[in-house]
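Asks: Can you make the complete structure from the sequences, with help from the hints?
Chain by chain, the residues:
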Amino acid sequence: MVATTPAKQEAKVDKRFKVIDVTLKRHNGNPEGLIEVLHKAQESFGYLEEEVLEYIARGLKLPLSQVYGVATFYHLFSLKPGGAHTCIVCMGTACYVKGAGKIIATLEENLGIKVGETSADGQVSLLSARCIGACGIAPAVVIDGNVLGKQDSESTWSKIVELKGE
Amino acid sequence: MDLAHLQAIAEQEKQRQRAIRLHCCTSTGCQAAESLQVKDNLKKAIEKKGLGDRVEVVGVGCMGFCGRGPLVQVEPERKLYEEVTPEDAESIINALEGGKATAKEGDPDHPFFARQMRIVREHSGEIDPERIEEYIAVGGYQALYKALYEMTPATVIEEITKSGLRGRGGGGYPTGLKWATVAKMPGNQKYVICNADEGDPGAFMDRSVLESDPHLVLEGMAIAGYAVGANHGYIYVRAEYPLAIKRLQKAIQQAKQNGVLGTQILESPFDFKIDIRIGAGAFVCGEETALIQSIEGGRGNPRPRPPYPAERGLRGCPTLINNVETFANIKAIITKGADWYSSIGTANSKGTKIFALTGKIKNNGLIEVPMGITLREIVLEMGGGVPDGGEVKAVQTGGPSGGCIPASLLDTPVDYDSLLKIGSMMGSGGMVVMDQNTSMVEVAQFYMEFCREETCGKCIPCRTGTVQLHNLLTKLLDKRATTQDLELMESLCQMVKETSLCGLGQTAPNPVLSTWRYFRDEYLALVKA
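In order, the protein sequences belong to chains A and B.
Going by the working numbering, the first sequence opens with residue 1, and the numbers climb by one from there.
Going by the working numbering, the second sequence opens with residue 1, and the numbers climb by one from there.
Each hint can be trusted.
In silico lysine-lysine, DSS-like type, Cα no more than 25 Å apart, as pairs: (1) A:Lys18 <-> A:Lys40; (2) B:Lys362 <-> A:Lys102; (3) B:Lys479 <-> A:Lys102; (4) B:Lys475 <-> A:Lys102; (5) B:Lys79 <-> B:Lys100.
Bear in mind the hints are in silico, worked out from the structure with no lab data behind them.
Replies: Below, the structure is given as structure tokens:
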């Protein structure tokens, strides 16, 4: 243990770092906890900004390059902020065979963005997933964490219009 | 806790259960179709009618017929309701006393159910996965007791070996042999890992097992731990399965409270604890050496084998890695014996396999069938064929590592060796049906894009080979390719297959090779005139 933990230096700056501290503590500074710490950090910050990665690197006594390497290796970690809402279109085989590609094409056109981007008004991030395992109700779309089954271009777009209207 | 306690819990639970039980599916698929609301409304209706002393509604795991969810089944009369809406709930309760339910009635004897043989999924859709008491009431943790008190680690391994069980993650390596290798290794610290990083698109068997019967997997892992001499297990689950993670956490906690996990399990000297590790969205982490890297907090890069994890795995210690479904088979083998288990299936593939039957098919969902059943029986009889009079063109098994089987080979029996022989593989259990409107070259491109995105980038054949193959397929689909490009494609496939470091790269060309083999006309038709 170092004399001044990262928490003491920066806790005043941002409460969200506390969540990271709790996880760091549970792993006792063991580098094996890196992925879990990144999960928690992303949960509390929404994405992994550079400052957060540096903070974690210090907490686990790892080179920043290694933390960055792991954060960029896994698809679920994002180094950029997302939109207010997220729309994930499942592109697993079952969804693909049943027309998930068309849903994506419609959303891309209507939102004027590509998969992986956020709409200009900062409202919607459009993502695709490899397979969310809801193949029985394909094509599936996940909007803000809610799984919607048997979707098509119109039903998904109307959901998004609804969200944006809120 | 000892055996008497276990039996007492089972007895108490049986006493508690009401005469009529309404099983309401609460798995991911059905939850997306408001099944939780259905369950709430059923509960309210029971209370309203004052039937609480003889009727109860139970949130259960997956019943299998996901395409027609939410499902509600009334036991013991077995009446099945499909596509139930929250508004139907009250009428279902009224129907118990002779009324008419507004929900659509299903057929519990439909070939989709009748042709199944349920070993792993025996209690899926019948018990509440969030209550250990229900699992104990159907004989749960009795196999662990039997292993600890009536068997030695060596006889457990012998039993598993004799059963002929092979790894259900896709590779089909004999489970008993793997266990024996780990058991033989010297050292005090060994680990058991459950691979629940089910990444194949179109596959959700493991998710369903974890959501429907998590204790079955925990019990299998504990028995494995006893057999190989490990006291610590990990379950590596993909983050895309939040409900499975939640139920596993709950199950582990309940198992600890009841003394079937933790220290001195069932008052024996055996200790075993299980921790969960959550993935972060990398397909390659399904590969065992990559998975170990990921548990250790690193990038999921595979490393060359040997040494195999059985010799040097997690933290350099001997490690047993099996898939969810493999562990879920252990309880039945220990309870009913290897002879019973090996009487099911074919000469070299024993037992049953769960498949996720999806795509252009009438009855989609999860099925558990004995090995050796033909694809035709699965797709046409159980699955009901393609909806709206369409025709089956191909069946894809094994995900991005497998291949497309043409309709002409539908009589192939489903077992490890037969599927390999025709250029596909068993895989983890995804089975996607494609109809006459599906372009096979596009399917090949779809899988190649998948592999291109998911390659970890460590070895060159996989990193650049998948990119080049994808480019060639795109060129072909744009009608810019020549016959020379096709030759190049074929030789590149061989190269990637033979020289890649891990299973991901070695099998990545399979979707291209199998469609090239069986649907060559479609490739040739796209060649630039």
